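Colleague: Chains as they are written, first to last, in the numbering used here: chain A, 38 to 283; chain B, 5 to 353; chain C, 3 to 69.
No lab work stands behind these hints, which were simulated from the structure alone. What you are looking at is a predicted structure, and each value in this text was computed from that prediction instead of being measured. Ideal Cβ placement from N, Cα and C applies to all residues, glycine included. One should not assume that every hint holds.
Cut-off 30 Å, straight-line C-alpha distance, at most; resulting in silico cross-link-like pairs (DSBU-like, lysine-lysine) [to be verified]:
1. K231(B) x K274(B)
2. K274(B) x K46(A)
3. K274(B) x K123(A)
Pair by pair, the computed Cβ-Cβ distance ranges are [what the hints assert, rightly or not]:
4. E243(B) x E199(A): 58 to 64 Å
5. D267(A) x K5(C): 40 to 46 Å
6. N203(A) x L311(B): 31 to 37 Å
7. E39(A) x N225(B): 36 to 42 Å
8. G149(A) x L221(B): 48 to 54 Å
9. E260(A) x E233(B): 54 to 60 Å
10. L270(A) x K163(B): 36 to 42 Å
11. S54(A) x L311(B): 47 to 53 Å
Partner residues are not named here, just some residues of chain A that face chain C (Cβ under 10 Å, in silico) [what the hints assert, rightly or not]:
12. F42
13. V178
14. E180
15. G192
16. Y193
17. K196
18. E199
19. G276
20. I278
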Amino acid sequence: MEKIFSRPKALKDNPLSYCPGCGHGIIHRLVAEAIDELGIRERTIAVAPVGCAVFAYDYFNFDTTEAPHGRPPAVATGIKRTNPDKIVFTYQGDGDLAAIGTAETIHCANRGENITVIFVNNANYGMTGGQMAPTTLIGQVTETTPFGRDPLREGYPIKVAELLANLEATKYIERVTVFDAPHIIQAKKAIKKAFQNQVEGKGYSFIEVISHCPVDWGKTPLESVKWVEDVFLKTFPLGVIKDTTK
Amino acid sequence: MVKKLVKGNIALCEGALAAGLDAYFGYPITPQNEVPAYMSNKMVTLGKVFVQAESELAAANMVLGACATGKRAMTSSSSPGISLKQEAISYMAGMEIPSIIVNVQRGGPGLGNIAGSQADYFQAVKGGGHGDYHLIVFAPNCAQEMYEVTYEAFDIAEKYKNPVMILSDGIVGQMMEPVDFNKEQKTSFSKKDWCLDGCKDREPRSIKSLLMGDGALEQHNLDLQKKYEVIKANEVKAELYQVEDAEIIIVAYGISSRISKNAIKSARTKGIKAGMIRPITLWPFPTEIIKKYSKPPVKFLTVELSLGQMIEDVRLAVNGVSSVDFLGKAGGGIVSDKDVLNKIMELKK
Amino acid sequence: MAKITVNNNRCKGCGLCINACPKKCIAFSDELNKIGYHYAVLKNEKDCIGCGFCYQICPDVCIEVFR
């Protein structure tokens with residue numbers, strides 16, 4: 038028998054420190070597979086966020102840097118502008134990308150930086166114990182919305198992908214999810230295309246990955262993937278939101 | 005040797021360009037606007053990187069990214085903008101990323117005003133951002149020195165893998181003076197075995213300040229302190245002006261030192277033996293030099309465009325051996341040479 | 003002919019692979035692994051079709067698939 042699926046080279050052989058059932062490990066693997074398949078591992082530089090995925094540099098088997106909370110797009114701009122031959126991507130959560138780093142996100146996109154952004158939206162702040170994120174759903178109970186998110190008090194979930202699609206400079210924006218195998222295979226395609234775009238110099242690509250966070254949601258892994266399918270995706274529908282690369 | 009009449013801010017740009025600057029990231033704020041304006045032309049013309057960032061925060065983080073790959077990058081701003089850069093500055097100190105941050109100081113606190121000031125001394129030398137760290141801080145006092153200090157700053161930053169701040173002020177930045185652009189264009193640079201340039205033929209690298217392992221952060225801090233001790237031993241720079249026979253020694257940096265020098269000249273014509281120790285590096289501070297001249301009846305006078313910040317370090321250096329007086333102005337006000345002379349005469353009594 | 007192997011001591015027992023398996027041939031182990039979880043095991047190797055769904059969903063990237 039032949040080994041047909043195994044850990045990609047671009048992912049170090051370290052145990053992942055994420056909670057049982059967390060979507061980050063899946064997304065890390067998809068990114069690593071895309072990088073291996075495109076043969077770009079040796080010229081990739083990743084920018085890790087502040088949040089659960091801050092430890093990305095312990096897992097990715099290529100050059101990585103830390104960035105202050107929310108600033109990965111600025112750090113990535115500095116890297117890419119001075120090293121246009123390198124493949125640069127940010128890996129950011131919803132707090133990092135859509136709250137504290139909103140300005141950096143929008144302006145990096147608006148400059149049309151030729152980078153790839155992997156945006157992991159799990160509707161809460163995972164690292165700090167499950168507080169409300171800008172993407173938390175209406176009515177969703179979190180540590181800081183004990184009565185559920187009330188739009189009159191906390192506003193509405195930000196749809197960053199749609200927001201960025203309005204900017205002329207953005208090239209490819211897709212929302213995917215990883216709650217089951219068929220959707221994971223689709224997510225991989227989108228992530229790979231987002232890197233391929235950069236390799237071809239096509240400009241700014243943004244992949245929003247709707248992910249699950251069982252522990253902070255207070256759900257079992259099975260309940261949490263079901264909640265993604267039944268509830269989460271109603272607010273954040275999947276699909277290509279913009280593609281002007283063709 | 006042909007000198008060119010330029011503003012301090014432009015001299016600074018030329019120093020950075022001669023040092024082989026790869027990228028400039030900025031954001032408008034008075035009184036440093038000449039820097040991004042000049043760089044937007046020069047860098048693009050030279051085929052290098054210029055980005056007007058969305059904020060001072062972003063500009064500093066762009067510098068972080070560029071310098072993490074071993075490129076030479078800088079950002080500049082003025083006091084309120086420098087407050088915003090503190091986040092990235094603390095990270096770069098922790099991540100040991102060599103970079104250049106320029107502060108053309110203006111009056112504060114808050115939005116303050118746009119007049120030259122020296123009220124950011126504490127912020128520059130005592131941290132500014134969070135954590136136990138130091139920047140190497142240069143305080144040029146004229147356009148020529150803006151050029152020279154900036155030219156050297158990149159090598160020093162890379163030698164110690166430490167951010168360097170050039171602490172100028174609105175007066176030195178705006179003043180036009182003849183500058184001798186006498187430095188050779190740097191084209192070859194030391195190899196960096198730590199930077200992120202792709203993991204071809206080597207193990208992947210990561211640059212970070214998050215150290216969660218048992219005792220790892222403490223060890224990192226101890227290593228940083230060791231580095232700071234080496235910097236203290238090697239990099240102190242100060243100008244000594246007529247100190248050997250001085251009974252009154254002024255300690256002043258940047259524009260205050262220019263004003264003080266005129267006062268010292270006047271005092272000498274009146275038979276008062278005044279002199280000056282001018283720190284060119286504010287960190288490391290010329291503690292040992294000041295200590296050497298601390299002996300009664302010598303009196304010290306600190307002159308600053310603040311209500312007394314550097315004086316704390318002068319007092320620590322003097323350590324009670326001599327008296328230390330203060331003359332300063334806040335909120336963008338300027339001490340005149342006459343004010344300084346009067347203070348010298350008062351101390352002479 | 004197909005099978006999977008699970009890196010026992012990396013598995014955190016989330017059960018997503020068990021749920022994803024179209025042939026229902028994966029189950030929890032009876033014993034605990036080094037990090038305190040009932041890990042996933044291939045119970046019925048003869049039913050495994052090597053589809054890789056378990057590999058796809060595994061958050062700890064600790065499954066390998068052979069065909």
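Colleague: Now tell me, hint by hint, if it's right for this structure.
Modeller: Comparing the hints with the structure gives:
Our distance criterion of 30 Å between C-alpha atoms is broken by K231(B) and K274(B), whose separation comes to about 46 Å. Between K274(B) and K46(A) the CA atoms are separated by roughly 79 Å; this puts the pair beyond 30 Å, and the hint is violated. With a CA separation close to 66 Å, the supplied pair K274(B) and K123(A) exceeds the 30 Å bound. The hinted window of 58 to 64 Å between E243(B) and E199(A) holds, with their beta carbons roughly 59 Å apart.
Taken as a hint, the range 40 to 46 Å is violated for the pair D267(A) and K5(C), whose Cβ atoms sit roughly 33 Å apart. Restraint check, N203(A) to L311(B): a C-beta distance of roughly 49 Å breaks the suggested window 31 to 37 Å. The supplied range of 36 to 42 Å is broken by E39(A) and N225(B), whose beta-carbon atoms lie about 51 Å from each other. For the hinted restraint 48 to 54 Å between G149(A) and L221(B), the CB-CB distance of approximately 38 Å leaves it violated.
Taking the beta carbon of each, E260(A) and E233(B) are about 56 Å apart, inside 54 to 60 Å as hinted. Our hint of 36 to 42 Å for L270(A) and K163(B) is violated, since their Cβ atoms are close to 54 Å apart. In this structure, S54(A) and L311(B) meet the distance hint of 47 to 53 Å, their C-beta atoms being roughly 49 Å apart. Given the 10 Å rule on beta carbons, the hint for F42(A) holds: about 4 Å separates it from the nearest Cβ of chain C.
Contact between V178(A) and chain C, as hinted, is not supported at the beta carbon level, the nearest pair being about 22 Å apart and thus beyond 10 Å. Taking 10 Å as the C-beta cut-off, the interface hint given for E180(A) is violated, the closest approach to chain C being about 22 Å. Interface hint status for G192(A): violated, as the beta-carbon distance to the closest one in chain C is roughly 31 Å, over 10 Å. Proximity of Y193(A) to chain C is violated relative to the hint, the smallest CB-CB distance being about 29 Å (cut-off 10 Å).
Restraint check, K196(A) versus chain C: the minimum CB separation of about 25 Å is more than 10 Å; hint violated. Checking E199(A) against chain C: minimum C-beta separation of about 27 Å lies over 10 Å; hint violated. Given the 10 Å rule on beta carbons, the hint for G276(A) is violated: about 20 Å separates it from the nearest Cβ of chain C. Here the hint on I278(A) is broken, as its CB sits about 24 Å from the closest CB of chain C, past 10 Å.
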